Structures are given as C-alpha cells and as structure tokens.
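Trainee: Sequence:
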Amino acid sequence: MTESSPPAARNWQTSLTPLLVPSLAIFTALLIGAIIIVATGADVLSAYGGLFMGAIGSPRSISYTLVEATPYIFGGLAVMVGFRGGLFNIGVEGQIAVGSMCAAIVGAFVTLPVGLHAIVAFAAGALGGAVWGAIPGWLRARTGAHEVITTIMFNYIAIRATDYLIKVPFRDHASTAQRTPYIAPGAELPFLFGPEYRLHMGFLIAIAMVFLTNWLMNRTIFGFEIRTVGANPDAADYAGIDVSRSLVTTMAYSGLLAGMAGAIQVLGLEHNLKASFSAGYGFDSIAIALLAASNPIGVLPAAIFWGALRNGAGLMQLNSGISINLINIVQALVIAFVAADQIVRQIYRIRSAKSSGIKLTRGWGR
Numbered sequence: 205m206t207e208s209s210p211p212a213a214r215n216w217q218t219s220l221t222p223l224l225v226p227s228l229a230i231f232t233a234l235l236i237g238a239i240i241i242v243a244t245g246a247d248v249l250s251a252y253g254g255l256f257m258g259a260i261g262s263p264r265s266i267s268y269t270l271v272e273a274t275p276y277i278f279g280g281l282a283v284m285v286g287f288r289g290g291l292f293n294i295g296v297e298g299q300i301a302v303g304s305m306c307a308a309i310v311g312a313f314v315t316l317p318v319g320l321h322a323i324v325a326f327a328a329g330a331l332g333g334a335v336w337g338a339i340p341g342w343l344r345a346r347t348g349a350h351e352v353i354t355t356i357m358f359n360y361i362a363i364r365a366t367d368y369l370i371k372v373p374f375r376d377h378a379s380t381a382q383r384t385p386y387i388a389p390g391a392e393l394p395f396l397f398g399p400e401y402r403l404h405m406g407f408l409i410a411i412a413m414v415f416l417t418n419w420l421m422n423r424t425i426f427g428f429e430i431r432t433v434g435a436n437p438d439a440a441d442y443a444g445i446d447v448s449r450s451l452v453t454t455m456a457y458s459g460l461l462a463g464m465a466g467a468i469q470v471l472g473l474e475h476n477l478k479a480s481f482s483a484g485y486g487f488d489s490i491a492i493a494l495l496a497a498s499n500p501i502g503v504l505p506a507a508i509f510w511g512a513l514r515n516g517a518g519l520m521q522l523n524s525g526i527s528i529n530l531i532n533i534v535q536a537l538v539i540a541f542v543a544a545d546q547i548v549r550q551i552y553r554i555r556s557a558k559s560s561g562i563k564l565t566r567g568w569g570r
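Quick note on numbering: this note's numbering labels position 286 of the sequence shown as 490, and the sequence is numbered without any gaps.
The set of hints was computed from the structure by calculation and includes no laboratory data.
Note that the coordinates shown come from a computational prediction; the quantities given were computed from them, not determined experimentally.
Positions of the beta carbon are idealized from the N, C-alpha and C atoms, including for glycine.
Between beta-carbon pairs, the in silico distance windows are: (1) R423 with R346: 26 to 32 Å; (2) L396 with L416: 16 to 22 Å; (3) V314 with A243: 50 to 56 Å.
No more than 20 Å apart at the CA atoms, straight line, and that leaves these computed lysine to aspartate or glutamate pairs for EDC-like: (4) K478 with D367; (5) K371 with E474; (6) K478 with E272; (7) K478 with D376.
Using the sequences and the hints given, assemble the complete structure.
Mentor: Here is the structure:
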C-alpha cells in the first residue's frame, strides 16, 4: 500500500471537508458544554435529552423549531450575500427592524383586498430593508466609509426610530402594551398546519429564497459580479464591472433579505409589532453565515440547528435545572470554532483546505 491516498479518496475527502469542519465544531462545542454541565453537578443525559426532545421530540416541537429557524434563514442569507461581495453587513438587525416596521404599518393602516394585502405588506417590509441596506452600500461606494462602522450606527438609528414609532405615532392606544395595532386579517400569512403549530407560510418563502439566492449567486451575471468584486475589486474594475454599483446592489439585496425576516415575523407570527422587538436575529445571523461557510444552501441546516438550540433550551432547563444560558455558551463556542477553524483542524488532524476566495472585509481604507 502506498503512503499517498488514491485520487478518488482525496477527492472524496476534499468534498467532505467543508461539511466536516462545521460538524466537528458543533460536536466539540456540545462536548465542552457537557463538561460544563458535569462541573455544575447536573446530569448530561437529562440536559441534552431535554434539549433534543424540546427541539425535535414531537411534531409540535419540530414545528416550533422551524418557526424559530425562519428569521435566521433570511438573516443568514443576508449576511452571506455581504460576505460573498466582500462586505461585512453587521446592520442586519437594523434592517430587520425597518422591514418589520414597514410591514406592520402597511398591514395595520392600509386597506387592501385579502391576499393582495399580505403581498403588499411583505413587499413593503422587503423594500424597507433593501433601502436601509443600500444606504451604507452607497456610503461605501461614494465616500469609502467602511460598512462595519456605518451599519453598526444604522442599527442604533433603526432600532431607536422603530421604538419611537411604535410608542408614539403608530401605537395602539386601546392596548396597555406598547405595540402597533394588529394587522388586518387579510394581511396575515396563513398557518400551514393550524395556529397550534405556529408554522406559517413564511417558512416556505424562506426555503424558496435559499434556492433563489443560490441560483442568483452561482448562475447569474448579478451573482458573478458580486463574487468577482468580493474576491478582487481591482480586477473586477479592470474587467469592466461597475464596482460602486455592485457594492450598492450587494448591500441592497442583503437588506432586502433582512427586511423579509422582519416582515415575516410580523405577518406570519406576531401580527403586530411590539416595542423593543429586537431579539438579536441579526447578530446571530452572522454566526449562521459563518457556520454555513457562506454557502446559501448551507444556511438552511445552520439556521435550523440554531432554531433547535433556541427551541430546546427551555425543556433542557426544566429537565436538568441547567441555566438556559448554557445554550448561549454552546453557540459562542460554535462560532469560535468555525471562525478559527484551524483549531478544529489541529484537534482532529484535518488537512487545511484551499482558500474559498471569500473575504469578509477588504480593510478600513478601501
């Protein structure tokens, strides 16, 4: 037997590596979580058994997990698109807030026929997110202002402005809670299996956007330009690609996806918009995009995994007495191991992969 592996084996290993490293990152994070559970004196099987049962232990649990995963699918796609274009869109949280506000206003204060109302409200949320995302893209293209800084600032503007709009001009004064009025029934997205399961049409829309985004990124001129600018903007400019336009459209499409996440939550689940709506979807979406290795298809299982952790945490705490914050620790460890994948590669003796060519940022002055 020769020391070198046959070509077929090497190809098989190469094709598996992109899936292997995130999987081992999750396994390692759960293993460290188990050590923490033992250190606190709790039972590992009880804790992780509760996590498993709460996440996928029954049809209702599975449905609730998919509900939790839905905004993460949109958010993960939004961050991923930025990554593919060489941009780090930290503003997904604010773009979700703007999208949810636009959808809530159209859903509650505009009168339209049933069916059309839901479409227009959803489109308003998507458009609001796209506009809010395009502004930092335009600032980057025209002034060189780095999108990390501008999107962070735009998060604060969006969240505080949305909070004000909910509490003052668009507040439902008939309710003691600080929220908008309920949207019209004609603007609601239908439940797939009845309200007791909570799973709504938004999940199917999210799946459709995964495959649409994958097609756009890999099979169209639009995606080719985004990927080329992300890999090397100077070469893209030399090849005749309008780099400034690409930066704006990349951020606009990223914001569009984030705005859809906000609209989906309002139209499909909450049916109103409460003050302090932000649930950290935008920031968690950065981790999902990293876990998916900036692959649109990979966003789907990554988001479902994230939703399973969130949904199963309650039963884990109930069964074992472990704090629900253990889930945050596991998520943080997953992020660390995926972002610093050389740690996982060294632990499990996995050969380093070739660079994918995806750059998260191109520096502060370019």
